[in-house]
Amino acid sequence: MLHPKSTINNGAINYHSSNSSSDKRSLYGTGTMSRLGPLQKPPHECFDDIISEFQKDPLNVAVETVLSKSMNAPFVCLWVDIPIRNCLYSPTNKVFTSNEEGIIGFIFQSATIVCSNPMSAHPNYSEKCDSQLIPANSSVLLFPLTARDKTVQAIVQLARTPPQPPFDQKDVSTAKILFKKFRLFSSYLFSPRSAMKTALDLVELSTFPAIVRTLTDSLQNHFRCRKAEIWLHNPNKTQFFRFEPDREVPIQLEPVKSGIAGYCLQKCCSVIERSVRHHESYNEVSDGYHDEPILAQPYFDSENRIWTVVLRGRANPRYFRASDASELRAIIPFVIKSMCASMSPPQFEAQLDDFEQRLTALLEVAEILSGVLDIDVLIPTIMERACSLLNAERCSLFLVDPGKQQLVSRFQGGLDRSIRIPIGRGIVGHTATTGAIINIPDAYLDDRFDKTVDIKTGYRTKSILCVPIFNNRGEIAGVTEMINKIDERPFNDDDVKMLMAFNVFCGISLDNAKLYNASLDLTRQLRTFVGLSAALGHTDTIRNVLYQILENVSQIVNATRATLFLYDTSDRSFTLLINVGERVTHDDVFAQETIAGRTVRMFVGDQINSVVHQTTRNQATQEYEEIMGIENIHDDQGNNPNAFRGRITNFIERDAKLEEADVSKATEDVICDIPLFSSDQTPLGIIELESNSKILTEDIKLLDCFAVFAAVSIERSQLMDLATLGQSEMELKQWISDEERALIGQIPTKLLINDPKIYTVDFDAQAWDGAGHIKVLFSIFSRFELAKEFKITNEKLFKFITEIRDTYNKVPYHNWRHAVDVTQFVIYQLIWSGYDKVFSKFELFALIVASICHDANHDGFSNVYNVKAETPLGILFKNQSVMETHHCQTSIGVISKEECNIFSIFNPQEYSQMWTTIIKLILATDMARHFDLLKKFNQLYDDNELSLEDPEHRTLLMQMILKCGDISNVARPFELADKWCDVLCEEFFRQGDLEMANGMEYTSPLNDRSHLDKPKSQIGFYTFVCLPLFQATAKAVPKLEVNVKQVESNLAIWKARTEGQAKAS
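Using the working numbering, read the sequence shown as starting at 1 and increasing by one per residue.
Derived by calculation from the structure, the hints in this document are not laboratory data. Heads up, a few of these hints could be off.
[Claimed, not checked] Lysine-lysine pairs mimicking DSS-like chemistry, simulated, CA-CA at most 30 Å apart:
id : residue 1 : residue 2
1  : Lys733    : Lys701
2  : Lys796    : Lys757
3  : Lys791    : Lys868
4  : Lys837    : Lys796
5  : Lys750    : Lys701
6  : Lys979    : Lys1035
7  : Lys791    : Lys841
8  : Lys257    : Lys180
9  : Lys750    : Lys733
10 : Lys1035   : Lys920
11 : Lys897    : Lys796
12 : Lys1045   : Lys936
13 : Lys1035   : Lys1045
14 : Lys1016   : Lys897
15 : Lys694    : Lys750
16 : Lys757    : Lys868
17 : Lys180    : Lys150
18 : Lys878    : Lys841
19 : Lys1055   : Lys935
20 : Lys128    : Lys41
21 : Lys257    : Lys94
22 : Lys1016   : Lys1045
[To be verified] Just the calculated beta-carbon pair ranges, DEER-fashion:
id : residue 1 : residue 2 : range
23 : Lys1055   : Glu899    : 46 to 54 Å
24 : Ala210    : Gln252    : 19 to 27 Å
25 : Ser131    : Lys69     : 42 to 50 Å
26 : Val712    : Phe931    : 31 to 39 Å
27 : Glu870    : Lys791    : 23 to 31 Å
28 : Lys868    : Lys180    : 55 to 63 Å
29 : Ser68     : Lys868    : 40 to 48 Å
30 : Thr151    : Arg318    : 53 to 61 Å
Being a predicted model, the structure only gives us computed values, none of them experimental. The beta carbon of each residue, even a glycine, is placed where N, CA and C say it ideally should be.
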């Protein structure tokens, strides 16, 4: 329970109460306290409702509407931070309050959640600030809405007044969850902070109304827009005015006709649209008939009036950009101050004279900087104008070097050469790391000031002004430093504001110059690429094309080696296709690292050694495990394990050498791996470069171009092969050599596996995705010598497996992975129980083929759904096992093909018997027949009539074994069982979503995505379906009791989880 006086910092809880819980009756009145009702929705759903409302209403309306209902609070108020006024504002109540005083000010400064019962009990309570809208005896709960940098953007205030009950621990917990949610999604809810959100109270010298003409003309010229407008809104009188050039009196418009400008004024938000007609507040009277872009920015003046500057129409480009909005935010304080000053008394004219000169100079700076793209010319121009604007003796410009974490002086007044300093050192470093504006009247009184330069040069630094420069991504790109005003006065607020505005233009200009220089470099490089691509069009083969690409990328980065690896998605392996330069020493180690991340990777120095060392260790460990696993298997079969001692000895010796290797010695080489992708983003391969010199970002851009060209060449080659051979033949060619196609009973070399785990209960089908599934099935056929017994060539077996695989759909659960998993579990049961020796080869063949085919072409929907939804399958196979009949039909279609006919050796009688057995086995997997089949099996066993001499009883036992395999997930270790459960649930949810969309009732409670209790559902499934099946099978086959124990173990875990949930709730 939360203690009334506990305080937890950093966005946690600050809880205050003047009464203990036993005294709350006297505080809220006598009689029974009636709650307003429980929380209607969980906090996460509450937040989702706010986001939903935010799509159509302002944030304040969304927050206040949803929280009033969800948290049973009659009063909810969202206070929004207004940086340009250093205060908080309630858009709903149109009230301002301090961001430094009262409880609200305390939250703004500390980003803390506060619960106070009553409000006046809080030590920071201020009647002036906190009781504007609610009485002092209210119970209040307040929490901040912060950005990811923990700056407060807004504050939510909830209140209840007596006799309503106070906020309690549950309400505070809800607030804490909402606090975290808002911070997580802050970038979506709040626009990023900018250095230009501080008020710039400077003005233009002119008289009204001539000032309107001057300002609108200047805005039109600067932003190259068709028209600029200035609007004013007086919230107290709900009046809207538009100022026109040369008019003595502004035009007054009704709110309904104020259009987008009125929206900007009323909502206090900026607007940027590519077409005015797309905006919800578009009005023909005020917004005109032009289909043009619009940019509008609001501003508060010192008298609480709201202004907006509106820019309309643009030719080039045909829209306003984010950088235009940034510039307008920098300019608008000057514009509005000028408008206010034009109506001011004459005593301010002296102040205005100085500002007019500064504003004129600032506009000149903007014009000059926009036309300079050479950074070496640009920087001196920037600094000369900066000194002139602020009347400073000296100035410096420091740019951030993020790679070396340093500040580099690109202009240094009074110094002969550039200097580098650590990014956090001194006053400039503090600004560069924090973004703070630092204005120091006497530098020698500040501990951060470094006197070294003064001592060397004899210059005396007095006052310093440091202001950050932001780039177009909101990052600190540099710092301007002003030293000593010429009149020996300290820098004032006007200087700070002027330099902030100046730095906006600096940031934009520096970005433009960098982009220009980068474009020149890229253009020169691309000319080389275009010439190469034209030449490559005349080459004879794809291999020659790729070879020339590698030669050229080698020259770009001075690589000692360029290698092209082709990637095989089926088994996640690489094949070296072409190598130019020195030989490959690390195989595909770095290629494997890169393909996993699907992006360009750079390996330098210690990284190279680390990756190689770790990979070698992993390979050694894997080999050791394989050796030990093989040894144990041979021991079980009575073979002599001494044959493997030599390999174990080699492993131990190699591991010892690895331990002794000096991996601490760092190489100076750089290895760069660039992934290649097809048009559908399938990995094709890796271009790997090894170089003795640094590979630059600009180099990577060009290498990407060559990588695209290489990928296109590879993909075209593959498409040509596909058109010539066909998909099936291509895959066959990939895995089986021409000599191996006609072989019988000998697994092709590329399909060989040596992993004893494929015959254990720990088998994880997901780990064998791709060609691994084919390898597992080949291994199974080989273990039971089925291919040899029934004269099945490698080519025919491979085509059967791939053809039946391709009938399986990409559904969450009943897919090809599930088919292989079921087949493996059936084999595991046979081997463990010894029944692989009981059943004949013919029966084993039927059981394995049925396992592989039992869900062929499953659509992921149940039989009940297919019938109720009247799907084609539901209509065709109504009143019978819908999907199971379809699986049989699909399997018959595949095996009937000559190239897939693994039953070709059978005579008509054997052929009929084989299909009869397979169809019986597959139909038995219909869960609608489950209990009848189980009852029949138990009845035969209990009556002592079950006999393996009876062919029907043998088939019945095979059905039971296949059914155990079909739900085998429950009998595997819990980690695998849980993972399979999630996949199965997703398929149920997929069906449930479709049922809801079609207006159907859920065909099963398990299909309800929003109300499924996973542990509880599993307990029912295990208890009433799985356990009886495995117990019945184990009665007939005692060695399969091991499955029963595993099911019972998993069931105990599900029950424990259910009990844990009950205790937690």
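How the hints compare with the structure:
1. Lys733 / Lys701: violated (36 Å)
2. Lys796 / Lys757: Given pair Lys796, Lys757 holds - Cα atoms ~27 Å apart, limit 30 Å.
3. Lys791 / Lys868: violated (45 Å)
4. Lys837 / Lys796: holds (26 Å)
5. Lys750 / Lys701: violated (38 Å)
6. Lys979 / Lys1035: holds (29 Å)
7. Lys791 / Lys841: Within the cut-off at roughly 13 Å; holds.
8. Lys257 / Lys180: violated (40 Å)
9. Lys750 / Lys733: holds (11 Å)
10. Lys1035 / Lys920: Measuring from Cα to Cα gives roughly 22 Å; hence the hint holds.
11. Lys897 / Lys796: OK: Lys897 and Lys796 at ~10 Å, within 30 Å.
12. Lys1045 / Lys936: Given that 30 Å is the threshold and the Cα spacing comes to 24 Å, the pair holds.
13. Lys1035 / Lys1045: holds (13 Å)
14. Lys1016 / Lys897: violated (46 Å)
15. Lys694 / Lys750: violated (39 Å)
16. Lys757 / Lys868: Violated - the C-alpha atoms of Lys868 and Lys757 are around 42 Å apart, more than 30 Å.
17. Lys180 / Lys150: Roughly 11 Å between the alpha carbons, so the hint for Lys180 and Lys150 holds.
18. Lys878 / Lys841: Violated, at roughly 35 Å.
19. Lys1055 / Lys935: Distance ~27 Å between Lys1055 and Lys935 Cα, so the pair holds.
20. Lys128 / Lys41: Between Lys128 and Lys41 the Cα gap is close to 35 Å, so the pair fails against 30 Å, i.e. violated.
21. Lys257 / Lys94: Holds: Lys257 and Lys94 sit about 21 Å apart, inside 30 Å.
22. Lys1016 / Lys1045: Holds, at about 20 Å.
23. Lys1055 / Glu899: 46 to 54 Å: holds (51 Å)
24. Ala210 / Gln252: 19 to 27 Å: Holds, since Ala210 and Gln252 (Cβ atoms, about 21 Å apart) stay within the stated range.
25. Ser131 / Lys69: 42 to 50 Å: violated (25 Å)
26. Val712 / Phe931: 31 to 39 Å: Between Val712 and Phe931, where Cβ atoms are some 58 Å apart, the hint is violated.
27. Glu870 / Lys791: 23 to 31 Å: violated (45 Å)
28. Lys868 / Lys180: 55 to 63 Å: violated (43 Å)
29. Ser68 / Lys868: 40 to 48 Å: Given range 40 to 48 Å: holds, Cβ gap about 42 Å.
30. Thr151 / Arg318: 53 to 61 Å: Roughly 35 Å apart at Cβ, these two residues miss the hinted range, so it is violated.
Hints 1, 3, 5, 8, 14, 15, 16, 18, 20, 25, 26, 27, 28 and 30 from the earlier list are contradicted by this structure; the remaining hints agree with it.
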